[in-house]
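*Asks:* Listed here are the chains, written in short residue letters.
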Amino acid sequence: MASRKIRILVAKPGLDGHDRGAKIIARALRDAGFEVIYTGLHQTPEMIAEAAVQEDVDAIGLSILSGAHNTLFPEVIRLLRERGGGDIAVFGGGIIPQEDIDRLKHEGVRAIFTPGTTTDAIVAWVHANVCPRAD
Amino acid sequence: MSARPKKDAARLAAAPGAAASAAHAGAAAAPGATRATAPGAEERRARFSTVSDMEIAALYTLEDLRGRDGAEDIGCPGQFPYTRGVYPTMYRGRPWTMRQFAGFGTARDTNARFHFLLAQGQTGLSTAFDMPTLMGYDADHPRALGEVGREGVAISTLEDMTELFHGIDLGRVTTSMTVNCSASIILAMYFAVAERQGVPMGALGGTIQNDMLKEFIAQKEWICPPEPSVRVIVDMIEFCAREAPRFHPVSISGYHIREAGSTAVQEVAFTLADGIGYVEAALARGLAVDDFAPRLSFFFNLHNDFLEEIAKLRAARRLWARIMRDRFGATNPRATMLRTHAQTAGCSLTAQQPTNNVVRVTIQALAGVLGGVQSLHTNSMDETLALPSEQAVMVALRTQQIIAEESGVTNTVDPLGGSYAIEALTSRIEDEAEEYIRQIDAMGGIVRAIDVGFPQKEIAEAAYRFQQQLDRAEKVMVGVNKYQRESEPPIETLRIDPDVEKRQTARVRAFKQARNQAKAREGLTTVRAACRDGANLMPPLIAAVKDGATLGEVCDVYREEFGVYRDPAWL
Numbered sequence: 026m027a028s029r030k031i032r033i034l035v036a037k038p039g040l041d042g043h044d045r046g047a048k049i050i051a052r053a054l055r056d057a058g059f060e061v062i063y064t065g066l067h068q069t070p071e072m073i074a075e076a077a078v079q080e081d082v083d084a085i086g087l088s089i090l091s092g093a094h095n096t097l098f099p100e101v102i103r104l105l106r107e108r109g110g111g112d113i114a115v116f117g118g119g120i121i122p123q124e125d126i127d128r129l130k131h132e133g134v135r136a137i138f139t140p141g142t143t144t145d146a147i148v149a150w151v152h153a154n155v156c157p158r159a160d
Numbered sequence: 002m003s004a005r006p007k008k009d010a011a012r013l014a015a016a017p018g019a020a021a022s023a024a025h026a027g028a029a030a031a032p033g034a035t036r037a038t039a040p041g042a043e044e045r046r047a048r049f050s051t052v053s054d055m056e057i058a059a060l061y062t063l064e065d066l067r068g069r070d071g072a073e074d075i076g077c078p079g080q081f082p083y084t085r086g087v088y089p090t091m092y093r094g095r096p097w098t099m100r101q102f103a104g105f106g107t108a109r110d111t112n113a114r115f116h117f118l119l120a121q122g123q124t125g126l127s128t129a130f131d132m133p134t135l136m137g138y139d140a141d142h143p144r145a146l147g148e149v150g151r152e153g154v155a156i157s158t159l160e161d162m163t164e165l166f167h168g169i170d171l172g173r174v175t176t177s178m179t180v181n182c183s184a185s186i187i188l189a190m191y192f193a194v195a196e197r198q199g200v201p202m203g204a205l206g207g208t209i210q211n212d213m214l215k216e217f218i219a220q221k222e223w224i225c226p227p228e229p230s231v232r233v234i235v236d237m238i239e240f241c242a243r244e245a246p247r248f249h250p251v252s253i254s255g256y257h258i259r260e261a262g263s264t265a266v267q268e269v270a271f272t273l274a275d276g277i278g279y280v281e282a283a284l285a286r287g288l289a290v291d292d293f294a295p296r297l298s299f300f301f302n303l304h305n306d307f308l309e310e311i312a313k314l315r316a317a318r319r320l321w322a323r324i325m326r327d328r329f330g331a332t333n334p335r336a337t338m339l340r341t342h343a344q345t346a347g348c349s350l351t352a353q354q355p356t357n358n359v360v361r362v363t364i365q366a367l368a369g370v371l372g373g374v375q376s377l378h379t380n381s382m383d384e385t386l387a388l389p390s391e392q393a394v395m396v397a398l399r400t401q402q403i404i405a406e407e408s409g410v411t412n413t414v415d416p417l418g419g420s421y422a423i424e425a426l427t428s429r430i431e432d433e434a435e436e437y438i439r440q441i442d443a444m445g446g447i448v449r450a451i452d453v454g455f456p457q458k459e460i461a462e463a464a465y466r467f468q469q470q471l472d473r474a475e476k477v478m479v480g481v482n483k484y485q486r487e488s489e490p491p492i493e494t495l496r497i498d499p500d501v502e503k504r505q506t507a508r509v510r511a512f513k514q515a516r517n518q519a520k521a522r523e524g525l526t527t528v529r530a531a532c533r534d535g536a537n538l539m540p541p542l543i544a545a546v547k548d549g550a551t552l553g554e555v556c557d558v559y560r561e562e563f564g565v566y567r568d569p570a571w572l
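As given, the protein sequences belong to chains A and B, one line each in that order.
Note that my numbering has the first sequence beginning at 26, numbered continuously upward.
Note that my numbering has the second sequence beginning at 2, numbered continuously upward.
Bear in mind the hints are in silico, worked out from the structure with no lab data behind them.
Quantities reported herein were computed from a predicted structural model and do not represent experimental measurements.
Cβ atoms here follow ideal geometry from the backbone N, Cα and C, with glycine treated the same way.
Among the hints, a few may not be true.
Unchecked claim - These stretches of chain B come out as covered by chain A in the derived footprint (C-beta under 8 angstroms, 3 or more residues):
#1 105-114
#2 215-226
#3 490-499
To be verified - To give a feel for the contact side, a few chain B residues facing chain A, derived at Cβ under 7 angstroms:
#4 G94
#5 E148
#6 G262
#7 N333
#8 A352
#9 E407
#10 E462
#11 Y465
#12 Q470
#13 E475
#14 V481
#15 A570
#16 L572
So here's chain A without its partners, still in its complex pose (with noise of 0.2 angstroms):
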């Protein structure tokens, strides 16, 4: 069972500069309760997976809207199995479109929430599909 408080980090990989939805979320979930850690912008997959492992988290929330999702949230999934954080749920959101979702998916991105998601359904997503990892 939950000993600890579920810890999140929230991610910008790419270039793009827009942090309004990654800051909305993070601060989202730290109101509903969950230990939340922002990376800043400008992130590579290889920051962000080091910070995952280093920070022990138990899910990773990725923001981008610069079009890179197709590259970049692959290639965190892979590091983080490189490293062994294979079991940290990667969820993600901006402007992506509905086959890229598909195919997201297909490599391990658990949920991807397009804009209007409210952050409350953010939430229960995460309370309904995040637990603590073992020890």
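Mind docking chain B on chain A? Use the hints.
*Replies:* Frame of chain A, contents of chain B only:
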């Protein structure tokens, strides 16, 4: 949290019934209005507010204009403080410039879109660059992986820039270029392309965004810290004032501040505070305000709240005119005029029922026109899904053409001037923005305010508040939190060919191999020397790009000489 005084709130926005009766008591000029808003009449909500959450009164009357001088504050179009517009004849003289922002894939792809838009009757060009170009990386850099040509056109070399404007006479069109931390190199390339076409710099008209202060505040695409960033901008202001006097070397931008979630008041306040920052830096360089300030231009957002947006543009003009005259002693009238481009709000568009976006864009564009903008971009309906398709861009351009040529609103100048509601909102936005600017002054100016995260945190706070209001359905987005549909037919969107990245990367590598290596290195060395000794960067930049130095290589010099800024990651 905001420390703004709410001094007008009580007067303008008392409890609904009371507001109507109080306003009526002092308002001989609104006799018919009481019937609709009689004291005690039931209203649909306890509180009415704009999209920025500014509370709005049931009725505005002559009483709301008290304390304001009709001639001093409202005046005439073309006269200080330009509340009613910067030109006496406005659109009766010349319509605004219709300027659709375009860029995707390779220079060749975007060149084709430019030719399409010009053929459709567009009157100016506007260039969107991809993320690597905007962040100062060549297409063959590892950090560019997955991003090349995705969000705009990929430009690494002078060869790319030449292809971008192939078949377009730069002496005849005006070009806007949306680029910031790498703007100095893009402008150097633009000047070099013009030279190849035989067009002198003095004949070039256009605008380069080049507003780094708003990058730190809102859009967050940067290379170096604020101080060297501002130094490069002042180099460009100085160079253009001398060599390319028809070119706007900076477009002081509220657009991205609003997109990041600010209120309308914050958009005006932080944009003008950035403007003050540039003026002070240029004065410190020894430039004369009446010489350079006429070439400062602005860029505002057009959001959904129709009356608030019209008032916002009027308030911004009035406040800027006063700042330039009273604070900086400008005497050249053109140095006090806020001339602005505007774009409809990307953040207001919905992925759900995307055709509804055409209607939103129409309302927003109309607010821009009634607010007196000089040029306009209308967003395409599909931009929450992808870069716009040709069909969607055409509808967006037609929207402007219908407003200009069918709606009749251009027949008279500033038709809403003197409206009680518009004038009251204009004054209120001006007052509240001025209060923010006072706070920023007290912190030691905009660069210091950015250092402590003041504008950033104010905007994040407003963005979170709005999201909560949406989640609670206190604010409505049609198709998102009201009038939803279970399933929607998909619309056609533009797909970027994944081969673009491979082709562009190969092209940049080939360019780097084929050039004269010694000359390219020499060009970079001269740029580095100017970074160090403070000489104006533009002449060595123009020489360097002509000698084959690439955008990414010059930005590497900037990184080494000026340092790299890191996101403070405030939540």
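*Asks:* All the hints need checking, so say for each whether the structure fits it.
*Replies:* Structure-based check of each hint:
Coverage of the stretch 105-114 of chain B by chain A is violated. Counting CB-CB distances below 8 angstroms, 0 residues qualify, and the rule asks for three or more. Counting residues of the stretch 215-226 of chain B whose C-beta sits closer than 8 angstroms to any C-beta of chain A gives 5, which meets the bar of three, so the coverage hint holds. With 3 residues carrying a beta carbon less than 8 angstroms from a beta carbon of chain A, the stretch 490-499 of chain B meets the three-residue requirement, and the given coverage holds. Given the 7 angstroms rule on beta carbons, the hint for G94/B is violated: about 38 angstroms separates it from the nearest Cβ of chain A.
Contact between E148/B and chain A, as hinted, is supported at the beta carbon level, the nearest pair being about 5 angstroms apart and thus within 7 angstroms. Nearest Cβ of chain A to the Cβ of G262/B: about 5 angstroms, under the 7 angstroms cut. The hint holds. Annotation: interface hint on N333/B violated; nearest CB of chain A at approximately 35 angstroms, more than 7 angstroms. Taking 7 angstroms as the C-beta contact cut-off toward chain A, the hint placing A352/B at the interface holds, the least distance being around 5 angstroms.
Of the supplied interface hints, the one on E407/B is violated, with its beta-carbon coming no nearer than about 32 angstroms to a beta-carbon of chain A, more than 7 angstroms. Given hint, E462/B at the interface with chain A, is violated; its Cβ is 10 angstroms from that chain's nearest Cβ, farther than 7 angstroms. This hint holds: Y465/B has a C-beta 6 angstroms from the nearest C-beta of chain A, less than the 7 angstroms allowed. The interface hint given for Q470/B is broken, as the beta carbon of that residue sits about 11 angstroms from the closest beta carbon of chain A, more than 7 angstroms.
Taken as an interface hint, E475/B does not check out: its beta carbon lies about 13 angstroms from the nearest beta carbon of chain A, beyond 7 angstroms. The interface hint given for V481/B is met, as the beta carbon of that residue sits about 4 angstroms from the closest beta carbon of chain A, less than 7 angstroms. Interface hint status for A570/B: upheld, as the beta-carbon distance to the closest one in chain A is roughly 3 angstroms, under 7 angstroms. The closest approach between the C-beta of L572/B and any C-beta of chain A is roughly 5 angstroms, which is under the 7 angstroms cut-off, so the hint is satisfied.
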